[in-house]
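Protein chains: 2
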Amino acid sequence: MFESAEIGHSIDKHTYDAEVPALREALLEAQFELKQQARLSVIVLINGIEGAGKGETVKLLNEWMDPRMIEVRTFDQQTDEELARPPAWRYWRALPPKGRMGVFFGNWYSQMIQGRVHGQFKDAVLDQAINGAERLEQMLCDEGTVIIKFWFHLSKKQMKARLKTLRDDPLHSWRISPLDWQQSQTYDRFVRFGERVLRRTSRDYAPWHVIEGVDPNYRALAVGRILLESLQAALANAKNTRQANVAPLGRSIDHMSLLGALDLTRRLDKQDYQEQLVAEQARLAGLLRHKRMREHALVAVFEGNDAAGKGGAIRRVAAALDPRQYRIVPIAAPTEEERAQPYLWRFWRHVPARGKFTVFDRSWYGRVLVERVEGFCSPADWMRAYGEINDFEEQLSNAGVVVVKFWLAIDQQTQLERFEEREQIPFKRYKITEEDWRNRDKWDVYAEAVGDMVDRTSTEIAPWTLVEANDKRWARVKVLRTLNEALEAAFAKHKK
Amino acid sequence: MFESAEIGHSIDKHTYDAEVPALREALLEAQFELKQQARLSVIVLINGIEGAGKGETVKLLNEWMDPRMIEVRTFDQQTDEELARPPAWRYWRALPPKGRMGVFFGNWYSQMIQGRVHGQFKDAVLDQAINGAERLEQMLCDEGTVIIKFWFHLSKKQMKARLKTLRDDPLHSWRISPLDWQQSQTYDRFVRFGERVLRRTSRDYAPWHVIEGVDPNYRALAVGRILLESLQAALANAKNTRQANVAPLGRSIDHMSLLGALDLTRRLDKQDYQEQLVAEQARLAGLLRHKRMREHALVAVFEGNDAAGKGGAIRRVAAALDPRQYRIVPIAAPTEEERAQPYLWRFWRHVPARGKFTVFDRSWYGRVLVERVEGFCSPADWMRAYGEINDFEEQLSNAGVVVVKFWLAIDQQTQLERFEEREQIPFKRYKITEEDWRNRDKWDVYAEAVGDMVDRTSTEIAPWTLVEANDKRWARVKVLRTLNEALEAAFAKHKK
Chain Y
1 MFESAEIGHS IDKHTYDAEV PALREALLEA QFELKQQARL SVIVLINGIE
51 GAGKGETVKL LNEWMDPRMI EVRTFDQQTD EELARPPAWR YWRALPPKGR
101 MGVFFGNWYS QMIQGRVHGQ FKDAVLDQAI NGAERLEQML CDEGTVIIKF
151 WFHLSKKQMK ARLKTLRDDP LHSWRISPLD WQQSQTYDRF VRFGERVLRR
201 TSRDYAPWHV IEGVDPNYRA LAVGRILLES LQAALANAKN TRQANVAPLG
251 RSIDHMSLLG ALDLTRRLDK QDYQEQLVAE QARLAGLLRH KRMREHALVA
301 VFEGNDAAGK GGAIRRVAAA LDPRQYRIVP IAAPTEEERA QPYLWRFWRH
351 VPARGKFTVF DRSWYGRVLV ERVEGFCSPA DWMRAYGEIN DFEEQLSNAG
401 VVVVKFWLAI DQQTQLERFE EREQIPFKRY KITEEDWRNR DKWDVYAEAV
451 GDMVDRTSTE IAPWTLVEAN DKRWARVKVL RTLNEALEAA FAKHKK
Chain B
1 MFESAEIGHS IDKHTYDAEV PALREALLEA QFELKQQARL SVIVLINGIE
51 GAGKGETVKL LNEWMDPRMI EVRTFDQQTD EELARPPAWR YWRALPPKGR
101 MGVFFGNWYS QMIQGRVHGQ FKDAVLDQAI NGAERLEQML CDEGTVIIKF
151 WFHLSKKQMK ARLKTLRDDP LHSWRISPLD WQQSQTYDRF VRFGERVLRR
201 TSRDYAPWHV IEGVDPNYRA LAVGRILLES LQAALANAKN TRQANVAPLG
251 RSIDHMSLLG ALDLTRRLDK QDYQEQLVAE QARLAGLLRH KRMREHALVA
301 VFEGNDAAGK GGAIRRVAAA LDPRQYRIVP IAAPTEEERA QPYLWRFWRH
351 VPARGKFTVF DRSWYGRVLV ERVEGFCSPA DWMRAYGEIN DFEEQLSNAG
401 VVVVKFWLAI DQQTQLERFE EREQIPFKRY KITEEDWRNR DKWDVYAEAV
451 GDMVDRTSTE IAPWTLVEAN DKRWARVKVL RTLNEALEAA FAKHKK
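Those sequence lines, one after another, are chains Y and B. Residues in the first sequence are numbered consecutively from 1, following full-length UniProt numbering. Residues in the second sequence are numbered consecutively from 1, following full-length UniProt numbering.
Among the clues, some could well be false.
What the hints assert, rightly or not - Below, computed lysine-lysine pairings styled on DSBU-like, alpha-carbon distance capped at 30 Å: (1) B:K160 - Y:K472; (2) Y:K291 - Y:K493; (3) B:K472 - B:K442; (4) B:K156 - Y:K35; (5) Y:K59 - Y:K13; (6) Y:K156 - Y:K59; (7) B:K122 - B:K13; (8) Y:K472 - Y:K356; (9) Y:K59 - B:K270; (10) B:K35 - Y:K442; (11) B:K472 - Y:K35; (12) Y:K59 - B:K356; (13) B:K13 - Y:K35; (14) Y:K35 - Y:K239; (15) Y:K291 - B:K472; (16) Y:K98 - B:K493; (17) B:K239 - B:K13; (18) Y:K239 - Y:K291; (19) Y:K356 - B:K270; (20) B:K356 - B:K493.
To be verified - Covered by chain B, per the in silico footprint, the following chain Y stretches (three or more residues, Cβ under 8 Å): (21) 62-76; (22) 108-122; (23) 254-267; (24) 332-339; (25) 470-481.
Keep in mind that the hints were calculated from the coordinates and are not lab data. Glycine included, every Cβ here is placed at the ideal spot set by N, Cα and C.
So here's chain Y without its partners, still in its complex pose (with noise of 0.2 Å):
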């Protein structure tokens, strides 16, 4: 794989200055159009041989091109903000914004490569960020992003000349850190791991580029070629709208459904539900000072049709704790900076911190729901989210947050009823909108989503429970319980 960057690539200083202004101005209009277009976001990423020039050639393109438009970052030492959240929560927050650019040091395949080079962990673990590399690239490039994958590589004789050198000037000496030395110690288990996360990430889609680093004047135009002709393809095909293949999710043929199969008479009298709501709340309030939950976050998602009573359910859930304890997240149409980024950014900046509580007001499911109905997203783009929706949520539970997702289900001429009250009460008129009434008619193609949503995304890690919320109050009580059974249940596994 490295082979043929071992053989002394190397370009003339007079090719290199008769080609580089044409190449420059080039580089500057691709950026200018991609500001333009505001439909892409462009994630260079370097990794490689300490060495071999990486620094140096993306300073190179920094001069190059318009440095106003480029975020360079590199991801060293996490912060405790970082510590405390899922581990692709930092790179989820310096996600360039479409038509922007952003150069990554430090990645994903830094971490992963240095863990496995140093024997944190082994292959299997290994080949399970493999995948999640895999997964997040391409749900980026899904979403509009252009990811381009630089390995800058040295034979391991001219890494240790190339030490040397840089150590002998004076001007450079600084360049070289104590994991430098170290890595001319390590290099052949680096090269390769390197080599196994390289084979198995290289996509169509996101296709790493060998560059050998021994020559300045070859590097820079190796890597600055590659960046041009990525984005100028790029660009062209934004323009053209895709239309992705699709394949059919298929039908129930028998009408039998989940949703149908609910019991909405379940109802609980004033006085059982008293008892049992305090009793509940009570419960959630213990659980939530326990010693265990600083281990872990919680992550509540309500979900259900209109005027099922999502907002009294969270209003009986915030009532059993201390405000400071949770933060509820109403999700309504994103914001300018939200649709600048792919679709889940706007959940991952809302991920709570360990022994947090996050309650998410609708959620994610919004693609697979309202935007699948109302045709806000194509199909591809929908189709697809269920699996990044999973593997989101995988991330979630990996990183020790509880994700409870609730589905409220009344049946029509309840919501009927509860929409003619609205109307009639003062306080929550504001409740309810013509956009309620016209949701209404569409029952059934909303009920063929749910049903989707449920087979689809209802995991182990992130089961989806269905409240049949008829009566309030036993919704209200189901609620509370299921929150605190999923609690206890992660806080057991700790014992074993």
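Dock chain B against chain Y, hints included.
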């Protein structure tokens, strides 16, 4: 000041139960109006004696109101990301956007009172903190934030009794922290310094409300009513476009000005330029690697006439450095999320952490330049901006941030030549727009705004550097040299 909150206020259950439903409904209506108008944000500051019901009252408010529109924040231990920036950064990042309400526990008042009580500083420093809080609140109010400040009070005797009751109640004993017990020792000092703070910070635009905390019914109703009245008054007021009285700034009466006094014929020949440029770039690179830099951050602000060469100067600064060391923040029109916040919010979010360097390509000075000239904000808004900006930069400076501000000046003839030249060069075409030509017609109005800006915001802690930029070489070297001198001066101060 606290006397009338030690006389045993109480409300009987009957009165309470009769009043709450209407109060709750009115609060919900006000909250809805707040969201609909989306012109105001609300900050509720919670302070006072431990055990006086702060937490319980906020919990109750969250039950009465719609908790989805309220964000409760508590500012205890600073994260390392917060510690690396000016103290106010943590409050700025938590500000509620327009239409929403934030409840701040452990806010700026808690910090200053605790600091004084525990002898971390004396009255002079407390008074500085008080002045800082006043300026912050004045600014927030001018920007459309309603600030409601509650002091929950207990007499010393009441406090001790309350802590004892809590301790003896197994359901509530967890609520008392060691800090609370400590406060019973420091009660007298706490009340003394609390009074000093309240006395000086109770202003017409953000008065304090002292609430006796013994009786839960009393404190809940009292807080609820004050909140309601404050909200209703602010909402009614927001509908009338306020026309503040603005004092005239005064004009130059002899046509002399700082800008006019610049010698724009200053220039460097190519040889001198190249030598000096390389020398200053190396000096900057060295300074940013200096160990003293870990205690500082660097902010460079670039403003100037159109086509004065801001971009080129920034590129020469960037070229000196590893791209991982700096960030360039181009300032364009604010995004939707930025428009929902006080003016300076969008700059606060980019304040560098210690050790870092941020370049602002245009800046907060837009308020007193383009926004003033084009009428994007009212005269009152840009007039008060001078003071707000000075406060902002003082906070940066106090936190060790070196602030360097450049105005790149060219004459009208030079600008014309550059505009025409840009229209000829393909990859510079995008730099010139219709708007640039329009701005050119307003040369004199802009010159006046620049003059006022420099007069009012060139301070010892953050002076303006006027850069003669008819000759690009001269300008670039002067920019680099100024940055270097500013850093060296900051580092030298440590030695004293």
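Going down the list of hints, with the structure as the test:
no.: 1; hint: B:K160 - Y:K472; verdict: 42 Å, violated
no.: 2; hint: Y:K291 - Y:K493; verdict: 14 Å, holds
no.: 3; hint: B:K472 - B:K442; verdict: 23 Å, holds
no.: 4; hint: B:K156 - Y:K35; verdict: 63 Å, violated
no.: 5; hint: Y:K59 - Y:K13; verdict: 19 Å, holds
no.: 6; hint: Y:K156 - Y:K59; verdict: 24 Å, holds
no.: 7; hint: B:K122 - B:K13; verdict: 45 Å, violated
no.: 8; hint: Y:K472 - Y:K356; verdict: 27 Å, holds
no.: 9; hint: Y:K59 - B:K270; verdict: 24 Å, holds
no.: 10; hint: B:K35 - Y:K442; verdict: 28 Å, holds
no.: 11; hint: B:K472 - Y:K35; verdict: 26 Å, holds
no.: 12; hint: Y:K59 - B:K356; verdict: 17 Å, holds
no.: 13; hint: B:K13 - Y:K35; verdict: 63 Å, violated
no.: 14; hint: Y:K35 - Y:K239; verdict: 14 Å, holds
no.: 15; hint: Y:K291 - B:K472; verdict: 63 Å, violated
no.: 16; hint: Y:K98 - B:K493; verdict: 43 Å, violated
no.: 17; hint: B:K239 - B:K13; verdict: 37 Å, violated
no.: 18; hint: Y:K239 - Y:K291; verdict: 54 Å, violated
no.: 19; hint: Y:K356 - B:K270; verdict: 60 Å, violated
no.: 20; hint: B:K356 - B:K493; verdict: 19 Å, holds
no.: 21; hint: 62-76; verdict: holds (count 11)
no.: 22; hint: 108-122; verdict: violated (count 0)
no.: 23; hint: 254-267; verdict: violated (count 0)
no.: 24; hint: 332-339; verdict: holds (count 3)
no.: 25; hint: 470-481; verdict: violated (count 0)
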